[in-house]
Amino acid sequence: MDARSLPAHRRPVNTVFQSYALFPHLTVAENIAFGLRMKKVAPLQIAERVNRIMGLVEVSDLAARKPGQLSGGQKQRVALARAMVNEPDVLLLDEPLGALDLKLRRQLQGELHQLQRRVGITFVYVTHDQEEALVMSDRIAVMNAGKIEQLATGEELYERPRTRFVAQFLGACNLLTGVVEQVDGTTLVVKTPVGQMRANLTRATRKPALSEIVTLAIRPEKVRLASADATVTANQVRGVIEDAVYSGAETQYRVRAGDHRLYAIALNSRPGHLGLHAGQEVCCHLDPCALILLEDHS
Amino acid sequence: MKQLLNIAAGLLYLFLYAPIAVVMVYSFNSARFGARWTGFTTNWYGALLDNPAALSAARNTLLLAVLSTSIATVLGTLLGYGLDRFNFPGKRFFSRLLYVPVFIPDIILAVALLLFYSLVRSWLGLFDLGLTTMVIAHVTFQIPFVAIVVRSRLVGLDPALEEAARDLGANGWQTFTHVTLPLILPGIMAGGMLAFTLSLDDFVVSFFTSGPGSTTLPILIYSSVKRGITPDINALSTLIILASIAATIVITMLQRNQRAAT
Amino acid sequence: MNAKPRDAEVQYGAHLTPGGHRLCSAITSGPAVLWLSIFLLIPLVAVGAISFFSRGAYGEIELPLTLESYKRLLGFGQLGFDPLYPVILLRSLALGAGTALLCVLAALPLAFFIARLRPRYKTLALTLVVIPFWTNLLIRTYAWQILFAPESWITRAFHYLGVVNAGEPLYPGVLAVAIGMVCDFLPFMVLPLYASVEKIDWSLAEAAMDLGANRVQVFRHALLPQIAPGLVAGIVLVFLPATGQFVIPDLLGGAKTVMLGNAIQQQFGQSRDWPFGSAIAFVALGLVMLGLTCYARRGAKEGPSLL
Numbered sequence: 001m002d003a004r005s006l007p008a009h010r011r012p013v014n015t016v017f018q019s020y021a022l023f024p025h026l027t028v029a030e031n032i033a034f035g036l037r038m039k040k041v042a043p044l045q046i047a048e049r050v051n052r053i054m055g056l057v058e059v060s061d062l063a064a065r066k067p068g069q070l071s072g073g074q075k076q077r078v079a080l081a082r083a084m085v086n087e088p089d090v091l092l093l094d095e096p097l098g099a100l101d102l103k104l105r106r107q108l109q110g111e112l113h114q115l116q117r118r119v120g121i122t123f124v125y126v127t128h129d130q131e132e133a134l135v136m137s138d139r140i141a142v143m144n145a146g147k148i149e150q151l152a153t154g155e156e157l158y159e160r161p162r163t164r165f166v167a168q169f170l171g172a173c174n175l176l177t178g179v180v181e182q183v184d185g186t187t188l189v190v191k192t193p194v195g196q197m198r199a200n201l202t203r204a205t206r207k208p209a210l211s212e213i214v215t216l217a218i219r220p221e222k223v224r225l226a227s228a229d230a231t232v233t234a235n236q237v238r239g240v241i242e243d244a245v246y247s248g249a250e251t252q253y254r255v256r257a258g259d260h261r262l263y264a265i266a267l268n269s270r271p272g273h274l275g276l277h278a279g280q281e282v283c284c285h286l287d288p289c290a291l292i293l294l295e296d297h298s
Numbered sequence: 001m002k003q004l005l006n007i008a009a010g011l012l013y014l015f016l017y018a019p020i021a022v023v024m025v026y027s028f029n030s031a032r033f034g035a036r037w038t039g040f041t042t043n044w045y046g047a048l049l050d051n052p053a054a055l056s057a058a059r060n061t062l063l064l065a066v067l068s069t070s071i072a073t074v075l076g077t078l079l080g081y082g083l084d085r086f087n088f089p090g091k092r093f094f095s096r097l098l099y100v101p102v103f104i105p106d107i108i109l110a111v112a113l114l115l116f117y118s119l120v121r122s123w124l125g126l127f128d129l130g131l132t133t134m135v136i137a138h139v140t141f142q143i144p145f146v147a148i149v150v151r152s153r154l155v156g157l158d159p160a161l162e163e164a165a166r167d168l169g170a171n172g173w174q175t176f177t178h179v180t181l182p183l184i185l186p187g188i189m190a191g192g193m194l195a196f197t198l199s200l201d202d203f204v205v206s207f208f209t210s211g212p213g214s215t216t217l218p219i220l221i222y223s224s225v226k227r228g229i230t231p232d233i234n235a236l237s238t239l240i241i242l243a244s245i246a247a248t249i250v251i252t253m254l255q256r257n258q259r260a261a262t
Numbered sequence: 001m002n003a004k005p006r007d008a009e010v011q012y013g014a015h016l017t018p019g020g021h022r023l024c025s026a027i028t029s030g031p032a033v034l035w036l037s038i039f040l041l042i043p044l045v046a047v048g049a050i051s052f053f054s055r056g057a058y059g060e061i062e063l064p065l066t067l068e069s070y071k072r073l074l075g076f077g078q079l080g081f082d083p084l085y086p087v088i089l090l091r092s093l094a095l096g097a098g099t100a101l102l103c104v105l106a107a108l109p110l111a112f113f114i115a116r117l118r119p120r121y122k123t124l125a126l127t128l129v130v131i132p133f134w135t136n137l138l139i140r141t142y143a144w145q146i147l148f149a150p151e152s153w154i155t156r157a158f159h160y161l162g163v164v165n166a167g168e169p170l171y172p173g174v175l176a177v178a179i180g181m182v183c184d185f186l187p188f189m190v191l192p193l194y195a196s197v198e199k200i201d202w203s204l205a206e207a208a209m210d211l212g213a214n215r216v217q218v219f220r221h222a223l224l225p226q227i228a229p230g231l232v233a234g235i236v237l238v239f240l241p242a243t244g245q246f247v248i249p250d251l252l253g254g255a256k257t258v259m260l261g262n263a264i265q266q267q268f269g270q271s272r273d274w275p276f277g278s279a280i281a282f283v284a285l286g287l288v289m290l291g292l293t294c295y296a297r298r299g300a301k302e303g304p305s306l307l
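Here the protein sequences come in this chain order: A, B and C. Using this note's numbering, you'd call the opening residue of the first sequence number 1 and step up by one each time. Using this note's numbering, you'd call the opening residue of the second sequence number 1 and step up by one each time. Using this note's numbering, you'd call the opening residue of the third sequence number 1 and step up by one each time.
With the rest of the complex left out, here is chain A (with noise of 0.2 angstroms):
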């Protein structure tokens, strides 16, 4: 079914405002209550799903407020009620814990998750916040002007995104273009300007054609550093350390190799860890099984 042909009003989906977007002038109990009215159930199906809802998200004790007498969280729950209560085959939620401060958010985004898995209903959950994206969710759609770019897990979207802006988006991302050199059943070869670089296909999406330009992306994590004596075969890279920040679990570096940066991250609780700083040579590794082959390219 094609809910665009219908009206709004007729459409099987609620809606939980980012704005919240509570009657004014009408109580708590009757917000939540407006859609099952509209729908003229009887009164007294009417209480009876009410008060459970609002026992679900637990406003039970603010029934007869109204919402200009709310806190933020509590005008959250019961926009959430008030959607949930006419059992939509899929609730959509704007960006409802953006006009919260940071504690709050981390505490309801808790509570939806765990209410979500007890009503069995479907979220759609629109956010900015990619933590909150990851944190919260069974799929995640990253959207670019308007079009879906990827429909996948977290998991998924950070260890094989297919194009560049969600593998940008996710995390920080190096990104390699340069011409297929050599394509068969599993690699691909590609001259990129830091290097020739072997990339594992057995998981790509397509296979490029030879002379195409590709892009190839890896997660800094995936870049290994070691020491400069080593010769350099393919998948590496000589460079010099232009920076390397220390934060806690882990330092990330930054590599210059000739015009281009590369971007590294290293747990400082690895066995055998370098102990490198800003100015020193090194080699970089990348594994032909964590370059990921884009769909587009620069």
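Check each hint, because a few of them may be wrong.
What the hints assert, rightly or not - Take a look, some chain B residues computed to stay more than 10 angstroms from chain C by CB distance:
(1) Leu55
(2) Phe116
(3) Met189
(4) Ser210
Claimed, not checked - Below, a list of computed lysine-lysine pairs in the DSS-like style, where the Cα atoms sit at most 27 angstroms apart:
(5) B:Lys2 <-> C:Lys122
(6) A:Lys147 <-> A:Lys66
(7) C:Lys199 <-> B:Lys2
Since the hints were derived computationally from the structure, they do not count as laboratory data. Glycine included, every Cβ here is placed at the ideal spot set by N, Cα and C.
With chain A held as given, fit chains B and C onto it using these hints.
The following block gives chains B and C in isolation, referenced to the frame of chain A:
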């Protein structure tokens, strides 16, 4: 400097209220003539009840105000809503026309209507001067005020509220009656009260569009003043002033609720 | 909860078909538009039209069409140059301008005073300014007759200042009319001026003082430009409507203070020269429309909120 400002402001407020105060004070003056204060009395208020001209004028004034306010509130509210939500050819011209009765000197509107009535009378025989012509005239200058007040209330309405109502299954009519109307009701009431006050206070337009037997209180006061101010006129005026002040306070409170509710 | 700004995504009536849109528009705006077209637009047009007609022997309106009324207004009547009406026109403009000027002088301290109050008292102060405006003008005006009576101490004060002789009332007279007008129009000046004053960025004044400006210079260079929009709005709202006043010059003025409003009343009253009265009214209307257009061009969207 600050003291100077406070003193100046105090004097100015005094200046603004001097006329009102003087009328109210002198309504209790037991002197029949002149501005000399000779003693306190409430006789003049009682005398009003024995004054058939005053009672008849009061009845006309009230009738006129109630009739015109009712019509103007309905038409003005519909107009305010229509201007905010819909388009029609000539809307921009008409929106400007709406402000004309608000700003023009009332005598221009008064003679324009007098002229209009007389022309129509000579062609169609309608519009003999009397209560009907006065009601029509009052409605004409009341509609813009009601429309402006209702429209400004609509502009302040959060569009997400109506969107939410539709999301929850309300159709157009249900959205209007359950969400929009309750929220703009204070605006409609404020507009109505405003229209009522305007009708109550109007002199010039009433004067030119009235006929025999449709004298209103302001017209009565005017002809009395022309003959010489008497204390019972002051008593009458005091009552009218108090009514206007009460209405203004109600309107201000209604408007204040609007700011609190959003 | 804040009202979201209207954005293109939420379109009212988006659920309506074009036909439905037209129907709703007709039901809502239609009746009032019809009413105002008949009872506002046509009468005003009629005034303009009738001003070109002639006056019959017994006061009827008749052809031929002529510019006689306008010529008379400018002083060139049938009997040679008669300054009566040009003088009335000029006097109305002068009194209107004078009223506007006095209102500015009075409104400035009031506006600054209110702007400095604690927020809690601001609305109260503004409401107090507005309340007199919503009471009956006729009553407020005749009250000045009491206040200007020979024995009142206002008259006595002016007597000391040498403005008036002993034992004479202050009205009818230009001064009385002016005072009455200022009292009536003051709220029209205070509200727009206050709107500007409230938004003043005082850091500009501090910067000016820091750079060595004296009080006058600070006002002229740091404050005046900021309140200019409010001043202009107020002047437009007072000056032109004041020229068309009727009640105040009628009650507080005499033969020497006849203004446009009185002249109109005369022509529609005892003189029964409706074409001429229409011409005067049309000129007064034109002046006000001029002011309104200037005001609208300055970007005032909702008009002054006198409510």
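Hint by hint, which ones does this structure get wrong, listed from lowest number up?
-> Violated: hints 2 and 6.
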